[in-house]
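**Student:** Residue strings, one per chain:
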Amino acid sequence: MYDKGKVLIGLAIFVIAALSIVGYNATMGDVDSFRTDGKPGPEKPVGHDKCVKETAYMQTSHMVLLNEWRDEVIREGKRELVETVGGEMVEKSLQNGCMGCHISKVKFCDRCHDYTNVKPYCWDCHLAPVEAPASKEAH
Amino acid sequence: MDNTRRKFLKLAGLTAAAGVGTTLLGSKAMASGGGGHAAPAHGGHAEVAPTGTRYGIVIDTGKFHDNPGLAQKCQDVCHSYHNVPDFGNPKDEIKWIWTDKFANVFPEHSHYRRDERLLSMDIIAMCNHCDNPPYVKACPTQATFKNADGAVMMDFHRCIGCRFCMAACPYGARSFNWRSPRGVDKEGHPFIKKYNQRFPSRMRGVVEKCSLCSWRTKKGKDPLCVEEACKTASDAMIFGDLNDKNSKIAKLLSSKFTIQRKPALGTHPSIFYII
Numbered sequence: 001m002y003d004k005g006k007v008l009i010g011l012a013i014f015v016i017a018a019l020s021i022v023g024y025n026a027t028m029g030d031v032d033s034f035r036t037d038g039k040p041g042p043e044k045p046v047g048h049d050k051c052v053k054e055t056a057y058m059q060t061s062h063m064v065l066l067n068e069w070r071d072e073v074i075r076e077g078k079r080e081l082v083e084t085v086g087g088e089m090v091e092k093s094l095q096n097g098c099m100g101c102h103i104s105k106v107k108f109c110d111r112c113h114d115y116t117n118v119k120p121y122c123w124d125c126h127l128a129p130v131e132a133p134a135s136k137e138a139h
Numbered sequence: 001m002d003n004t005r006r007k008f009l010k011l012a013g014l015t016a017a018a019g020v021g022t023t024l025l026g027s028k029a030m031a032s033g034g035g036g037h038a039a040p041a042h043g044g045h046a047e048v049a050p051t052g053t054r055y056g057i058v059i060d061t062g063k064f065h066d067n068p069g070l071a072q073k074c075q076d077v078c079h080s081y082h083n084v085p086d087f088g089n090p091k092d093e094i095k096w097i098w099t100d101k102f103a104n105v106f107p108e109h110s111h112y113r114r115d116e117r118l119l120s121m122d123i124i125a126m127c128n129h130c131d132n133p134p135y136v137k138a139c140p141t142q143a144t145f146k147n148a149d150g151a152v153m154m155d156f157h158r159c160i161g162c163r164f165c166m167a168a169c170p171y172g173a174r175s176f177n178w179r180s181p182r183g184v185d186k187e188g189h190p191f192i193k194k195y196n197q198r199f200p201s202r203m204r205g206v207v208e209k210c211s212l213c214s215w216r217t218k219k220g221k222d223p224l225c226v227e228e229a230c231k232t233a234s235d236a237m238i239f240g241d242l243n244d245k246n247s248k249i250a251k252l253l254s255s256k257f258t259i260q261r262k263p264a265l266g267t268h269p270s271i272f273y274i275i
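Sequence order for the protein chains is A and B.
Its first residue numbered 1, the first sequence is counted upward by one per residue in my numbering.
Its first residue numbered 1, the second sequence is counted upward by one per residue in my numbering.
Be careful, since some hints might not be right.
[Stated by the list, open to error] Residues of chain B placed beyond 10 Å of chain A at every Cβ, according to the derived structure:
{"#": "1", "residue": "F8"}
{"#": "2", "residue": "A16"}
{"#": "3", "residue": "T23"}
{"#": "4", "residue": "L24"}
{"#": "5", "residue": "T51"}
{"#": "6", "residue": "P68"}
{"#": "7", "residue": "Q75"}
{"#": "8", "residue": "P90"}
{"#": "9", "residue": "T141"}
{"#": "10", "residue": "I160"}
{"#": "11", "residue": "G172"}
{"#": "12", "residue": "K186"}
{"#": "13", "residue": "D241"}
{"#": "14", "residue": "K251"}
{"#": "15", "residue": "S254"}
[Claimed, not checked] Listed below are the simulated DMTMM-like cross-link pairs for lysine to aspartate or glutamate, each with C-alpha atoms no more than 20 Å apart in a straight line:
{"#": "16", "chain 1": "B", "residue 1": "K101", "chain 2": "B", "residue 2": "D66"}
{"#": "17", "chain 1": "B", "residue 1": "K248", "chain 2": "B", "residue 2": "D235"}
{"#": "18", "chain 1": "B", "residue 1": "K221", "chain 2": "B", "residue 2": "D76"}
{"#": "19", "chain 1": "B", "residue 1": "K193", "chain 2": "A", "residue 2": "D124"}
{"#": "20", "chain 1": "B", "residue 1": "K219", "chain 2": "A", "residue 2": "E83"}
{"#": "21", "chain 1": "B", "residue 1": "K193", "chain 2": "A", "residue 2": "E131"}
{"#": "22", "chain 1": "A", "residue 1": "K78", "chain 2": "B", "residue 2": "D222"}
{"#": "23", "chain 1": "B", "residue 1": "K221", "chain 2": "A", "residue 2": "E91"}
{"#": "24", "chain 1": "B", "residue 1": "K219", "chain 2": "A", "residue 2": "E80"}
{"#": "25", "chain 1": "B", "residue 1": "K256", "chain 2": "B", "residue 2": "D235"}
{"#": "26", "chain 1": "B", "residue 1": "K218", "chain 2": "B", "residue 2": "D244"}
{"#": "27", "chain 1": "B", "residue 1": "K219", "chain 2": "A", "residue 2": "E76"}
{"#": "28", "chain 1": "B", "residue 1": "K137", "chain 2": "A", "residue 2": "E76"}
{"#": "29", "chain 1": "B", "residue 1": "K194", "chain 2": "A", "residue 2": "D124"}
{"#": "30", "chain 1": "A", "residue 1": "K78", "chain 2": "B", "residue 2": "D149"}
{"#": "31", "chain 1": "B", "residue 1": "K251", "chain 2": "B", "residue 2": "D222"}
[Claimed, not checked] Just a sample of chain A residues kept apart from chain B, beta carbon distances all over 10 Å, derived:
{"#": "32", "residue": "V15"}
{"#": "33", "residue": "A17"}
{"#": "34", "residue": "L19"}
{"#": "35", "residue": "V46"}
{"#": "36", "residue": "D49"}
{"#": "37", "residue": "E54"}
{"#": "38", "residue": "L65"}
{"#": "39", "residue": "T84"}
{"#": "40", "residue": "Y115"}
By construction, these hints were calculated from the structure, which means they are not laboratory data.
Please read these numbers as outputs of a predicted model, since none were measured by experiment.
Here a beta-carbon is modelled for each residue, glycine too, at the ideal position from N, C-alpha and C.
Sequences are here, hints too, so could you generate the full structure?
**Tutor:** Here it is, written out as structure tokens:
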């Protein structure tokens, strides 16, 4: 084998580079937002166990509901409260409704949006809840 | 030769007569056919017959003159609630409610040799929530529209920032975010001093305006500016349904002399002024 030394050095560099990615994710990476099984783990609100629709619907179609609410509230002036599956009354509003229970954008919205690499533009205008300083540092 | 000319003229005359005849017949038929459906012409100076709710405000300028700083208070309450940015220069100014002198608020009225009090007054100006709003037609995305309560609303989600509405509004009631309202100025001061978590901000490239506090009026509350003004001087601003004959505002309008801004444009403003 010609240039044995050079080839081995090159191989070693490649293996180290490849492993460094795994190593970085294992030690330094943003492991906070992922559970050990690799799925996003949005934190459910404490004290409210039912949303305005069933969980399966909310997981797949919350953006559709938000658009419907937007049109009803702004265009049609239908600002009445909506009842959750659990019987609570909430405002049809992202800031004043949803985020009233889901008090953290970082620990709820961002978990799945980061995981699926979705970048919704809601927060260009809508104000995210003020996060507790501790949670910001942890993230 | 003569014979030919005579024939030609006869023929031409007949053709012309036939042409005029058919036109007349045609228009007559159209008039009788479409007569039943012809809607009365809107616009112009005639008020449109009242139907449904039409919210409006009467502003008593004298009460604001007697309470200096009251207009500023109203503006502060409105702008701080609605996260209206202060860009620090009049060219980029965002205003939902503001004050100006009589000559600027009522440019079509003579201000020649008016009394000192009138000329020195700071008069509140805001969106007139016109019954015939010209910019609703100008908006290519229907981001701005008139709601069922007669308030002219903006759906900020849909605004593409073309600023046609700003050109179409004769009252300058619309402002454009040339920069991000969430940004900071050269000295690092944020354009929005204190965020109100209950209301969104806007983003760069979006037009914004007064929404007649539709989120409050739906719950039976007065708009913020009206509430604030009445805290200091009762009835400095009166809010209500112009179409409801028994409402306070309708009774006031029928008993007091009031003026509107630029009524000749046919926009039918819903904001009235007691001078």
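**Student:** The structure should be examined with respect to each hint, and the outcome stated for every one.
**Tutor:** Here is what the structure says about each hint:
Every C-beta of chain A lies more than 10 Å from that of F8 of chain B, the closest at about 66 Å, which supports listing it as non-interface. For A16 of chain B, the shortest C-beta to C-beta distance to chain A comes to about 55 Å, beyond the 10 Å cut-off, and the non-interface label holds. Remark: the non-interface label on T23 of chain B is consistent with the geometry, its nearest Cβ contact in chain A lying 45 Å away (cut-off 10 Å). Interface exclusion of L24 of chain B from chain A stands, the closest Cβ pair being 47 Å apart, more than 10 Å.
A cut-off of 10 Å between C-beta atoms confirms that T51 of chain B is not in contact with chain A; the least separation is 16 Å. Residue-level check passed: P68 of chain B sits 34 Å from the nearest beta carbon of chain A, beyond 10 Å. Separation of Q75 of chain B from chain A is adequate, the least Cβ-Cβ distance of about 21 Å exceeding the 10 Å criterion. At roughly 24 Å from the closest C-beta of chain A, the C-beta of P90 of chain B stays outside 10 Å, upholding its exclusion from the interface.
Against the 10 Å criterion, T141 of chain B stays outside the reach of chain A, whose nearest CB is about 13 Å from its own CB. Every C-beta of chain A lies more than 10 Å from that of I160 of chain B, the closest at about 14 Å, which supports listing it as non-interface. Separation of G172 of chain B from chain A is adequate, the least Cβ-Cβ distance of about 23 Å exceeding the 10 Å criterion. Look at K186 of chain B: its CB is around 23 Å from the nearest CB on chain A, clear of 10 Å, so calling it non-interface holds up.
Consistency note on D241 of chain B: stated as away from chain A, and its beta-carbon is indeed over 10 Å from all of that chain's, at 14 Å minimum. With a least CB separation of 26 Å from chain A, K251 of chain B remains clear of the 10 Å interface cut-off, as annotated. Every CB of chain A is more than 10 Å from the CB of S254 of chain B (nearest about 27 Å), matching its label as outside the interface. Distance hint between K101 of chain B and D66 of chain B is fulfilled; the C-alpha atoms sit about 15 Å from each other, no more than 20 Å.
Only pairs whose Cα atoms come within 20 Å are accepted, and K248 of chain B paired with D235 of chain B is accepted, the gap being roughly 10 Å. This hinted pair checks out: K221 of chain B and D76 of chain B have alpha carbons roughly 19 Å apart, not beyond 20 Å. Distance check on the hinted pair: K193 of chain B and D124 of chain A sit about 17 Å apart at the alpha-carbon level, within 20 Å; holds. At roughly 18 Å between alpha-carbon atoms, K219 of chain B and E83 of chain A fall within 20 Å of each other, so this suggested pair holds.
Only pairs whose Cα atoms come within 20 Å are accepted, and K193 of chain B paired with E131 of chain A is accepted, the gap being roughly 19 Å. This hinted pair checks out: K78 of chain A and D222 of chain B have alpha carbons roughly 18 Å apart, not beyond 20 Å. At roughly 17 Å between alpha-carbon atoms, K221 of chain B and E91 of chain A fall within 20 Å of each other, so this suggested pair holds. For the hint linking K219 of chain B to E80 of chain A, the alpha-carbon distance of about 9 Å falls within 20 Å, and the restraint holds.
Taking the CA atoms of K256 of chain B and D235 of chain B, the gap is near 13 Å; set against the 20 Å cutoff, the hint holds. Taking the CA atoms of K218 of chain B and D244 of chain B, the gap is near 16 Å; set against the 20 Å cutoff, the hint holds. Of the supplied pair hints, the one linking K219 of chain B and E76 of chain A holds, its CA atoms being roughly 14 Å apart against a limit of 20 Å. Taken as a hint, the K137 of chain B and E76 of chain A pair is honoured in the structure, with Cα atoms around 19 Å apart against an allowance of 20 Å.
Annotation: proposed proximity of K194 of chain B to D124 of chain A holds, straight-line Cα distance about 17 Å (limit 20 Å). With a CA separation close to 12 Å, the supplied pair K78 of chain A and D149 of chain B stays within the 20 Å bound. A hinted pair counts as satisfied when its Cα atoms are at most 20 Å apart, and K251 of chain B with D222 of chain B qualifies at roughly 17 Å. Residue-level check passed: V15 of chain A sits 46 Å from the nearest beta carbon of chain B, beyond 10 Å.
Distance check for A17 of chain A against chain B: the nearest CB is about 39 Å away, which clears 10 Å, and the non-interface claim stands. The non-interface label for L19 of chain A is consistent with chain B: the shortest C-beta to C-beta separation is roughly 41 Å, beyond 10 Å. Interface exclusion of V46 of chain A from chain B stands, the closest Cβ pair being 20 Å apart, more than 10 Å. Against the 10 Å criterion, D49 of chain A stays outside the reach of chain B, whose nearest CB is about 24 Å from its own CB.
With a least CB separation of 26 Å from chain B, E54 of chain A remains clear of the 10 Å interface cut-off, as annotated. At roughly 15 Å from the closest C-beta of chain B, the C-beta of L65 of chain A stays outside 10 Å, upholding its exclusion from the interface. Listed as outside the interface, T84 of chain A is consistent with that label: its C-beta sits roughly 20 Å from the nearest C-beta of chain B, beyond the 10 Å cut-off. Every C-beta of chain B lies more than 10 Å from that of Y115 of chain A, the closest at about 25 Å, which supports listing it as non-interface.
Checked against the numbered hints above, the structure breaks none of them.
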